[in-house]
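To get our numbering, take the position in the sequence shown, counting from 1, and add 32.
No wet-lab data here; the hints were simulated from the structure. Certain hints may be false.
27 Å max Cα-Cα, derived DSSO-like pairs, lysine-lysine [stated by the list, open to error]:
(1) 209 x 124
(2) 129 x 150
(3) 120 x 108
(4) 312 x 54
(5) 150 x 173
(6) 54 x 122
(7) 174 x 209
(8) 192 x 288
(9) 288 x 523
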Amino acid sequence: MTNDRLLAVKNATCEAIDHLHKSLESCPDPESEVPDPRGIKVSLLAHQRRALAWLLWRETQNPCGGILADDMGLGKTLTIISLILAQKRKTKEKDEKKEEKEPDGWISKTDSSVVVSKGTLIICPASLIHHWTREVDRHVKKGLLTVYLYHGAGREKSAKVLADYDLVVTTYSLVSKEIPVQREEAGESAKDPDHRGAKGAKSDMGHKHELLSVAFLRCSPFDEFKLWKAQVDNGSNRGRERLNLLTRSLLLRRTKDQQDSTGRPLVSLPSRTCEVHRLKLSEDEQAVYDVVFARSSGSGVRPFSAPPDLLGLPAAVQRRPHPEQLNALSLAPGPPAPGPPAPGPSAPGPSAPGPQPADTVALNGTRFPSRLFEDASESTKISALTSQLMAIRDQSDNQRSMLGIVGVHLRRMGLRHAVIDGSVSPKRRMDLVEEFNSSPKGPQVMLVSLCAGGVGLNLIGGNHLFLIDMHWNPALEDQACDRIYRVGQQKDVTIHRFVCEGTVEEKISTLQAKKKELAQNVLSGTGSTVSKLSLADLKIIF
């Protein structure tokens, strides 16, 4: 980089920092509220009116837009809908004044062949496209907001037609295929030419540079990767100060346990209890676990053909919930396990009779009884889960392959259940959620995969959540927990976690704690002694 370029970068950075400091002078007080926008059918909660005040302020700044990163379950969708209503009214009033000033027949200098839209583009996971349309129907007076679902084979392609809608809802995949713009993966994005914003609640980040994903806000010059690394993510105190300034300027985050200036919580929710059930693997399960773990961590051994979930660590070892999930792995050829010495003159007599090959399954050269790999076989976690479910049912008087295994045992117990995973269409998911939350004859148990149900679903019809599998990223587990612990929940909530002792699950718990510490330091801008998960941290698994 030349001296002229270095000077230009320094000047641009200083100007941007000064501008952000000045903009914070007009930032509304954290307790400031604005009235509910006209047309909303429900009363916003206090924290939503405060968020609306902050969002309206961000819309007047340069660059405009921001990130609403409230905790899951605090009503971000309704807050964004309220923002759209408020902005629509402001735009309408502005246009009316503009029409009064312009004489009839005058052609504006801004007229062009470009189709101008004053609507909002909502980009979200496919599982949530129907959620947005239903939330508008539920909370907005009929006819005030028009919504178009840009999804499916017969979707409208005319820009002029789409520009007439207030909201156009589409998915990440469609945008990435049809529009050459950057995607915002951490939350649902709301973008249009004049208003750029995102809502999301993924609080756990692997590194500070993940905040660079706010580049779509066009906060120059920090939307350039090289400058970001040099001026913000450089490990210096000044870099941390700049990161703190950016988060205070562009991001608003509140949590469920946060209190206002009077000491009252943001929202009144029932209590939440988290119970960790520490389980001991059976002898058979421990034997299977040891074989799989040895093959995963042994040097010079070909890795499993199954896709890894964590640095080459197979899901079977990382989670270890049920031997049935090893079926595909057991068929993969691999080096045989060391066997006994060949019989000789001094060899002992024949060994005691054991299971015949037809009744066994080979796993990395070691044979195990095939009954261990049947869906109906009760693993340690399945047994603990069914015991807890039976206890809850008696008290009240009333991963995809893993979900299928759990379903086998739920049917055996006579419990009505439904499954939401990647194979269930978005519309069907919303129907299942409605039945679970509202219908007395609906599912008693909802089985949800972390990937399919980690965001957006409102499952307040349930108040017990069981985490069967662990994930090294605690954000995914937190998102799952907040499917039931959210605004609207009327019952006390209990989270059940199952951790098998003496397995990598205990070590993954340590990684989760480090991950949470890092995320908190990044979001608060406090600086940290932990900058990222090191290789040494990850090696503790082995």
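Verification of the supplied hints:
1. 209 x 124: Outside the cut-off at roughly 33 Å; violated.
2. 129 x 150: 16 Å, holds
3. 120 x 108: 18 Å, holds
4. 312 x 54: 58 Å, violated
5. 150 x 173: 20 Å, holds
6. 54 x 122: Status holds; Cα separation ~25 Å.
7. 174 x 209: 33 Å, violated
8. 192 x 288: 42 Å, violated
9. 288 x 523: 16 Å, holds
Consistency with the previously given hints fails for numbers 1, 4, 7, 8, ordered from lowest to highest.
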